[in-house]
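J.: Same order as they appear, the protein sequences are chains A and B. Position 261 (the first sequence) corresponds to 261 in my numbering; numbering is contiguous. Just so we're on the same page, my numbering is the position in the second sequence counted from 1, plus 328.
It is possible that part of the hints are untrue.
Counterexamples of contact, computed for chain B against chain A with all Cβ distances above 10 Å [what the hints assert, rightly or not]: (1) D347; (2) Y552; (3) E567; (4) S605.
Straight-line C-alpha distance at most 30 Å; calculated DSS-like pairs for lysine-lysine [claimed, not checked]: (5) K626/B x K569/B; (6) K150/A x K471/B; (7) K390/B x K150/A; (8) K626/B x K111/A; (9) K370/B x K436/B; (10) K390/B x K350/B; (11) K243/A x K471/B; (12) K388/B x K370/B; (13) K571/B x K143/A; (14) K143/A x K478/B; (15) K471/B x K44/A; (16) K626/B x K108/A; (17) K298/A x K436/B; (18) K85/A x K22/A; (19) K22/A x K62/A; (20) K390/B x K143/A; (21) K243/A x K85/A; (22) K298/A x K626/B; (23) K298/A x K62/A; (24) K524/B x K150/A; (25) K22/A x K388/B; (26) K436/B x K471/B; (27) K478/B x K196/A; (28) K372/B x K143/A; (29) K298/A x K439/B.
Don't read these hints as lab results, they were simulated from the structure. Every residue gets a Cβ at the ideal spot worked out from N, C-alpha and C, and that includes glycine.
2 protein chains.
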Amino acid sequence: MSINIGIYGYGNLGRGVEDSVKRNPDMNLIAVFTRRDPGSLKIKSENVPVVSASDINEWKDKIDVLIICGGSATDLPEMTPLLAKSFNVIDSYDNHSQIPVHFANVDKAAKQGGKTALISCGWDPGMFSLNRLYASAVLPNGKDYTFWGKGVSQGHSDAIRRIEGVIDARQYTVPVAEAMERVRRGEEPELTVRQKHTRECFVVAEEGADKERIRREIVTMPAYFEPYDTTVTFITMEEMKEKHSELPHGGSVIRTGSSGENNSHTQVIEYSLKLDSNPEFTGSVLVAYARAVSRMSKRGDTGCKTVFDVAPADLTLFGREELLSHML
Amino acid sequence: MSINIGIYGYGNLGRGVEDSVKRNPDMNLIAVFTRRDPGSLKIKSENVPVVSASDINEWKDKIDVLIICGGSATDLPEMTPLLAKSFNVIDSYDNHSQIPVHFANVDKAAKQGGKTALISCGWDPGMFSLNRLYASAVLPNGKDYTFWGKGVSQGHSDAIRRIEGVIDARQYTVPVAEAMERVRRGEEPELTVRQKHTRECFVVAEEGADKERIRREIVTMPAYFEPYDTTVTFITMEEMKEKHSELPHGGSVIRTGSSGENNSHTQVIEYSLKLDSNPEFTGSVLVAYARAVSRMSKRGDTGCKTVFDVAPADLTLFGREELLSHML
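For reference, chain A alone in the conformation it holds in the complex:
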């Protein structure tokens, strides 16, 4: 039996989910919901209706799992609890410090509605979180490190675009290779923010703009750039379009720990991602976990979950025989 999926919100992430649903033979895209005028929205899937978000409650009986593709700053804290009262839902909420609050709100709503919800799914939080947990369970006396990049940070790119005289900008987060090598050798170094990542900015400035002022405003921006070694390169709009139109990302979770007499043996666990498309990969993770949400809901396992609560077998189309014979 197919799992009927709804997509709520159709930006980069919504399109990534749409792409992934097509690659999963047990998934069926039922509708795309938008807060924009549905008539103005062109989606890639043929014969799938685009519906106004305000009409979503008419779709209660048709959707097994609703994948909410909103932003973490203001959309998801409102949307997910509201929708979890009537739908099994999943989101990619990534505001790490506010996760406990979001979890409590969604859990209350989902339990009220007898629904299953899963929050903070994607790659970080998501696959990286899983790997932090697995590695810390296996090497409890070790130390872990998360490196991001090389990849585009959309938040940092947006921050640069708000500076006067900037037409467009792209910011790459770059892990410091030497720091990663020290971690991989098991040195367990204490690393400052500056020692772990650098930031590379590509900026298209207005004609006649004071580039030195723009550069200074970028590198001194608190929280975003001041704590890092930041480089700023001015380029033309043509070069921006040609070389910086994609949204690659990735990174590594590395944990090292010791074992044996006198802790003489170093054990290194590394999980890494190299993604040509950040939103398409996040979409793929959401879709795999939508399968688990559907199964947990059918078993009556309601309330808010995270990736930590999902047994891996619930993510896959393969049955027990195939898993034992070919994957274990």
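We have chain A already, so just place chain B on it with the hints.
T.: Here is chain B on its own, set in the frame of chain A:
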């Protein structure tokens, strides 16, 4: 409340489990069981009794999880089903082609006894299996590759030692760097056994032995060496002891898949291990999963399980609040 652990079998793996138990504050080693004369066995933990395996049934009420540290060839197929009738058990059975049979035998026994069992736990099968499953669920239309090494294969080392004129031997499995690079680039190549790994053998020969004959017998040995490019280096016993006394291992599970229009984006997931001590790491994984077995048993979730059936949250000492605040 502590989890009371018994170790059944005290070879390299049993010692690895013992080392790991000490590093987990909720774990308590209750006894080590041996088929040898208990009086002849010296273990590292003080005040822990060494007990004859034949007396194990007297310990039924004292042990929460029994970690069975036997060999996969002949020990575990007998031991695990027998012990699963009376104990919650976990083993590292790694004979991939026979896993479905072993699973069925252990499942029947555990259900009979109302116990929880988990088989084929370690790093491969184990952590590598998990990563094959997670990656295939996220990138269903991709292809995965498992590379092992560089590390000591004890089975291959033993096979060399059985050759006439060989005093000692150590065999390293080495992944082919070029093949790994092709995989990481997303080429999804078809690779033969020979293209994925080479085998490096270090051999101590008897004085006057025909080294060329020994070399030939090694490199032509069916299944073990014939399908690979194998090098044989003769060394002295001193060099063997000095340079080859450890049991390092590791490897990588890499899955690549595509996303986006015309599959134009490549996504790469890689999980890799670099282990100074293979048995100590395997022991660490067994101990983390022993925690989950104990919890599943308390919830009445009986029968045979694999790593695929365990929600990650069951592996960790951290509670929900800590997981949401610090690990997600």
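J.: Is it correct that the beta-carbon of D347/B has no partner in chain A closer than or equal to 10 Å?
T.: D347/B is in fact no farther than 10 Å from some Cβ atom of chain A, at 6 Å.
J.: Going straight from one Cα to the other, do K298/A and K626/B come out at no more than 30 Å?
T.: The given pair, whose Cα atoms are some 24 Å apart, holds under the 30 Å limit.
J.: Checking one constraint from the list: CA of K372/B to CA of K143/A, max 30 Å. Satisfied?
T.: holds (26 Å)
J.: Between K471/B and K44/A, does the CA-CA distance stay at or below 30 Å?
T.: This hinted pair holds, its Cα atoms lying about 26 Å apart.
J.: Just to be careful, I want the Cα atoms of K85/A and K22/A compared with a cutoff of 30 Å; is the pair within it?
T.: Holds - the C-alpha atoms of K22/A and K85/A are around 27 Å apart, at most 30 Å.
J.: Between K150/A and K471/B, is the straight-line Cα distance small enough, at 30 Å or below?
T.: holds (23 Å)
J.: Holds or violated: are the alpha carbons of K390/B and K150/A at most 30 Å from each other?
T.: violated (52 Å)
J.: Are the Cα positions of K524/B and K150/A separated by 30 Å at most?
T.: Between K524/B and K150/A the Cα gap is close to 28 Å, so the pair holds against 30 Å.
J.: Going by Cβ atoms, does E567/B stay more than 10 Å from chain A at every point?
T.: holds (21 Å)
J.: Is the hinted pair K388/B and K370/B satisfied, with a Cα-Cα distance of at most 30 Å?
T.: At roughly 23 Å apart (the allowed maximum being 30 Å), K370/B and K388/B satisfy the hint.
J.: Run the distance test for K478/B versus K196/A: straight-line Cα separation, threshold 30 Å.
T.: holds (28 Å)
J.: Given the hinted pair K390/B and K350/B, is their alpha-carbon gap at most 30 Å?
T.: With a Cα-Cα distance of about 18 Å, the restraint between K390/B and K350/B holds, given a limit of 30 Å.
In this structure, the earlier hints numbered 1, 4, 5, 7, 9, 20, 21, 25 and 26 are contradicted, and the remaining ones agree with it.
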